[in-house]
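Residue numbers (the working numbering), protein chains in the order written: chain E, 32 to 404; chain Y, 32 to 404; chain H, 32 to 404; chain L, 32 to 404.
One thing to keep in mind: the hints can contain errors.
Label-pair distances were calculated between CB atoms; the ranges are [claimed, not checked]:
id	chain 1	residue 1	chain 2	residue 2	range
1	Y	178	E	251	42 to 48 Å
2	H	187	E	126	45 to 51 Å
3	H	149	E	208	52 to 58 Å
4	E	330	Y	153	57 to 63 Å
5	H	402	E	206	58 to 64 Å
6	Y	186	H	402	55 to 61 Å
7	E	90	Y	77	57 to 63 Å
8	H	44	L	371	30 to 36 Å
9	H	393	E	251	32 to 38 Å
10	H	376	Y	332	32 to 38 Å
11	Y	332	E	213	42 to 48 Å
12	L	45	H	95	41 to 47 Å
Computed cross-link-like contacts, SDA-like style, restricted to lysine to any residue with a CA-CA straight-line distance of at most 20 Å [to be verified]:
id	chain 1	residue 1	chain 2	residue 2
13	L	295	Y	202
14	Y	317	H	286
15	Y	319	H	401
16	L	295	L	376
17	E	317	L	187
18	E	44	E	93
19	H	317	Y	314
Bear in mind the hints are in silico, worked out from the structure with no lab data behind them.
C-beta atoms are modelled at their ideal positions from N, C-alpha and C, and glycine is treated no differently.
4 protein chains.
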Amino acid sequence: VERTIGVALIGQKFMGRAHANAWGQVNRFFEPAVRARAEIVAARDARALPAFARNWGFRRWTSDWREIADDPEVELVDVATPNDLHAEQSIAMLEAGKHVACEKPLAGTFADARAMAAAAAKAKRRGRKTFVWFNYRRVPAVALAWRLVREGALGRVVHVRARYLQSWGGPKAGASWRFERDRAGSGAHGDLNAHLVDLARFLVGEELVLVHGAVEHTFVKKRGVDDCVLFLASFAGGATASFEASRVAQGHWNDHAIELNGEKGSLRFAFEEMNVLELFDGTAPKAKQGWTRILVTSPGVHPYVDRWWPEGHVLGYEHGFVNQAADVLRALAGRKPEVPLPDFEDAFRTQRVLEGALLSAREGAAVKLSDIG
Amino acid sequence: VERTIGVALIGQKFMGRAHANAWGQVNRFFEPAVRARAEIVAARDARALPAFARNWGFRRWTSDWREIADDPEVELVDVATPNDLHAEQSIAMLEAGKHVACEKPLAGTFADARAMAAAAAKAKRRGRKTFVWFNYRRVPAVALAWRLVREGALGRVVHVRARYLQSWGGPKAGASWRFERDRAGSGAHGDLNAHLVDLARFLVGEELVLVHGAVEHTFVKKRGVDDCVLFLASFAGGATASFEASRVAQGHWNDHAIELNGEKGSLRFAFEEMNVLELFDGTAPKAKQGWTRILVTSPGVHPYVDRWWPEGHVLGYEHGFVNQAADVLRALAGRKPEVPLPDFEDAFRTQRVLEGALLSAREGAAVKLSDIG
Amino acid sequence: VERTIGVALIGQKFMGRAHANAWGQVNRFFEPAVRARAEIVAARDARALPAFARNWGFRRWTSDWREIADDPEVELVDVATPNDLHAEQSIAMLEAGKHVACEKPLAGTFADARAMAAAAAKAKRRGRKTFVWFNYRRVPAVALAWRLVREGALGRVVHVRARYLQSWGGPKAGASWRFERDRAGSGAHGDLNAHLVDLARFLVGEELVLVHGAVEHTFVKKRGVDDCVLFLASFAGGATASFEASRVAQGHWNDHAIELNGEKGSLRFAFEEMNVLELFDGTAPKAKQGWTRILVTSPGVHPYVDRWWPEGHVLGYEHGFVNQAADVLRALAGRKPEVPLPDFEDAFRTQRVLEGALLSAREGAAVKLSDIG
Amino acid sequence: VERTIGVALIGQKFMGRAHANAWGQVNRFFEPAVRARAEIVAARDARALPAFARNWGFRRWTSDWREIADDPEVELVDVATPNDLHAEQSIAMLEAGKHVACEKPLAGTFADARAMAAAAAKAKRRGRKTFVWFNYRRVPAVALAWRLVREGALGRVVHVRARYLQSWGGPKAGASWRFERDRAGSGAHGDLNAHLVDLARFLVGEELVLVHGAVEHTFVKKRGVDDCVLFLASFAGGATASFEASRVAQGHWNDHAIELNGEKGSLRFAFEEMNVLELFDGTAPKAKQGWTRILVTSPGVHPYVDRWWPEGHVLGYEHGFVNQAADVLRALAGRKPEVPLPDFEDAFRTQRVLEGALLSAREGAAVKLSDIG
């Protein structure tokens, strides 16, 4: 008999679609021990729901997400709504005994994030798991980077530089909840720096301890949220780190990029070439040293790839979500994910760094992160 | 009421899986006027069929592909088998009144290809359509290239250089029907040069008329097929063209690449960076001339992209197949595909070029393509 | 009759050699209205001087640089010594009525820089000119960037990100005056951030007004100077700017790079590909937008190039120095340089930014640059 | 006492200037055991000669190149004239007992080349040396490639693909001896394919034995020479090789590029990024395999670099000539050059390949190179 787990999805826009696709494709490509069962989808706009449910294979739909709490067919709730709803929905579902996978950032506000981490800690004691969709961890090139760092390819890390640059946020951009402070919490900062901080912490394997300085700027004046936030920080081990998130950086569409320099070597990744990881091996014979451009598409060798296509047949954006769905299913089946999955506690630490950066920008002073509760 | 078209798939290996995924994803992402209905899958290995059918949503399965001919639920037959079966299966299905979409190359032998083209011509008079899965035409960057050439971005084309380099075919490669002359017809030539010739003809919009010279070589001696074939040719309009297909080119995994130089500008594409098209505009102010690296991911602007993700969220290998499935459904609904779909007649012209190259290699002489029947 | 100007060079190491070459090649390649006459070279190490002088065509040599002050044959003194000597030598020569071209950074300490700017202002009233060897301004790709910004290719600039990364400063690096606080003033900061700040100010055409935060770090503990300094700042017009200088960034050899994002477009340059400027034109038709890789080697079109080789025949590191020598000779002949030449006053403004960054790093607070005298 | 060798240069245009610069810079940067003494320059245009001689440091000049034959101060004659003069001038100088360094291609016609090789063989018996300015061998990245092949980095070579693409030869190009059949012999073929064939033979270390096919085309009809020649060939060891030379390839300025694929790895080089060599090491751990981009600028590690600048300070076009001048001086002093220098015999073998390609294009048939005398 096939084991399945009932999944409820809240949200049907960009992220709702990306997650729905992930729950479908994971069964087809990963043959998981426990398969996902697309049980129910919830969203405010009832008119669009029937078509969405049919398209993505959900058995049922509802315009009232609260109904999910008591639904005995649902074991995992996938929260893919705007940031201001994450806390209310996630906490309600955890209290109802569901596992919760929440879209990033954990929350729009630090207070929300703190409440979510607390609820997750409580639920964990009752065996409930939480996950956050920092999907980029599961791009094969990033997962390979994580593995190489663990294997010692860099030695002690000295520098991290991370940028997440987009360009859709100019003066002509249409209305979006992403520009509303009440709903999004912040602009590029929560949206993009959240990814960067998660990626930096994930790859380095240390916590950031100090924000040296920051700048938050809104070029499009009418807007309630920042267009860009830059900050400098240090890791516990002394590595310097720079972060830049912007929605007004012409020439960059979804340029989520990170570089790590260590005493023995360096690594870099940029999402717009998501199938590539670049490695500099400072221990190679000097005459042959250089950046090696690894096309991370070799089945049996590179993470996740054996579930997809033959060598050189590259993957796209949504594959990170499918890979994450596979790891969530593994975790729920008591198995180990390919690379660590972030839970609410982990995402709360990322949120603390974001909060520290904002404080630093607003006060014009360095901020010690351990001072932030 | 929803209109659907019943699809039968023959084959369940690499291509079977790629096509099955396409028939599923096309409904989810394209909302086609006529949706695909995965009716039945046929393959020799009966043991694997039930799982395959369930996984990919096929209602039924059979280990005898001939049953499909009389199946009233099937309107389109998708042939995803080794090359030696294309002719028999396609011709049988055309004669049974089905539309046929056949994997490339059209056939393993020129005789088979000729028979298929004849059968398609006959079936066409009865309203039956044929398609060949030259999926790379529908990579958005390639479709954009086609459009730019049509708009005159290059002016008269003077040079085409095309390469399809892989490296899996060294002495240690495992057994595969792709190495057997009886089943594959040829090695790198039919497998890879077929794509190159299709792409070159598609983009330039002219026929090749002359093969100047060619070399066919098998480095791994035990093998029945070529490891590489290179040839030089000319287009009707005078442009020179070079083609190189190899399975033993270290450093290349799936390097399907083409460059066109015209009197006004140039274009180039390489599949390992499949989301990128490079354009050189020789009419721009001289001080600013250079290769522009276009990330072909802008919804509403670039072909196919609006069905997928926001800007900068790149696509992968299988999206070309889904895009082709969408165009096949459009064609069957009497609509125009995004870019031209190759039918058997068109693929036969490609096959004639391949045949001419082989003759040239074997005879050590130039070959006029119109001499080949 | 040929007009020449007598040049005295102080220094015979890396920079002495680069400058000596520049004074020789400028005559051969630029046919300047006023030619350089390599009159005398001064340095401490008398043993090496005769060979140096003969090799580079200097008529005379001296181990006492002070002799130059009274030398009637010398009109221009070129100071290519370690940072701690810049002030003493430059001021003495200005007071002796010579023009002075000083290697960057202007000085090792802010006090020295202030004194030099004052001396230059005084000398200027007597018609004496000063120059600083920020040679990268005269790499053709950078000079083209300057021109494109002036022509409005970017519109209002919103972001600048600048990095100068090297990797020679690890624990095994040999002794050098560049590691001594007394001689160099600082480490990567004065050496590399000086270039970045000059380049950013030059290209944007505005002053930096605020340092938001900074970090200064020495990984190799025995060392008297920093291994890296990062800082965030804002331009007068509101653009954010990030700077990172490091000598311990594995994988980077001389990676002097800058990117500007504006409302209409973007530009980027990286020295390791010094013949290339990348331009993103946000006003181009959307379907064709992308980074254009301009090979800045077209005579008659790109700055400086017509003095060198035919199109596509790339230049190297020393050409920036030769180009600067040509512009210095132009300036001394009362002509306009190809792009603006930095004098001591200009370089002092760069030094103020460096000083502000150090203060910010040490105090953990934002620093308003107008507060620094 | 310093040893010098008297050099006579014939020619004062593009190549004359490049060679003159090389003879000057080699003394400054290489401190050769035997220094070059720029003795005399000869050219037809007497008006330009005095300025040229003064600029480049030649002691004397003459408008009659034949005078050099009897000049006792001249030991080495450097022929930098159009192709039709190479044979007459070189042979006269060899017969007069001079060493001769001739610009490439060896000659405009095969008959001339044969005569030159014969004269060189005769002169060699009297201790006279010949050299051909295939300067690209001495670009550090190319010299490193040669060394890596020798060390076995590629194993058995299976494919070579070489292109030399330029774009200055469109219909609007001005008059040049390079377009005249009488003076140049051929167009892109002799000019550019000569470099490619030399580079391929040099790197592989084998002779080409068979031309499989070729195409020669002139797009600009009025012209007496080809605009492009493409051909396919095989090396003695079985490697396939493709060559393409064009002057009408928009988007390419001086794109002299070669790639070698071997059983163990691959190498590639493209002159427009002349400081870079890319290496694919197929023996590295699979997960880390990829193209390594080596910046060939490390003194003490990479060929020629220690004579120039610190790491990461890139070189330009003319450095290949200076490096060749250094090796010529080494050879004349009885020392070993950094990498092998081509003499007339060696260049004659290259010319035979070019001749074979032309025959193949004209006859539409494969050509065995040993059949060409």
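Supplied distance hint 32 to 38 Å, evaluated on CB atoms of residue 393 of chain H and residue 251 of chain E: 35 Å, holds
CB-CB spacing for residue 153 of chain Y and residue 330 of chain E relative to the 57 to 63 Å hint: 42 Å, violated
Residue 149 of chain H paired with residue 208 of chain E, Cβ distance criterion 52 to 58 Å: Taking Cβ atoms as reference, residue 149 of chain H and residue 208 of chain E lie about 56 Å apart, which means the hint holds.
Assessment of proposed distance window 55 to 61 Å (beta carbons of residue 186 of chain Y, residue 402 of chain H): Since the Cβ atoms of residue 186 of chain Y and residue 402 of chain H sit about 59 Å apart, the hinted range of 55 to 61 Å holds.
Proposed proximity, residue 401 of chain H with residue 319 of chain Y (alpha carbon, max 20 Å): 38 Å, violated
42 to 48 Å as the expected CB spacing between residue 251 of chain E and residue 178 of chain Y, which holds or is violated: Hint violated: Cβ distance 33 Å, outside 42 to 48 Å.
Hinted pair residue 295 of chain L and residue 376 of chain L, Cα distance within 20 Å: Status violated; Cα separation ~31 Å.
Pairwise hint evaluation, residue 187 of chain L against residue 317 of chain E, where the allowed Cα distance is 20 Å at most: 24 Å, violated
32 to 38 Å as the expected CB spacing between residue 332 of chain Y and residue 376 of chain H, which holds or is violated: At 48 Å between Cβs, range violated.
Residue 295 of chain L paired with residue 202 of chain Y [C-alpha distance capped at 20 Å]: Holds: residue 295 of chain L and residue 202 of chain Y sit about 12 Å apart, inside 20 Å.
Hinted pair residue 317 of chain H and residue 314 of chain Y, Cα distance within 20 Å: 17 Å, holds
Whether the CB-CB distance between residue 45 of chain L and residue 95 of chain H falls inside 41 to 47 Å: 45 Å, holds
Violated hints, listed in ascending order, are 1, 4, 5, 7, 10, 11, 14, 15, 16 and 17; each of the other numbered hints is respected by the structure.
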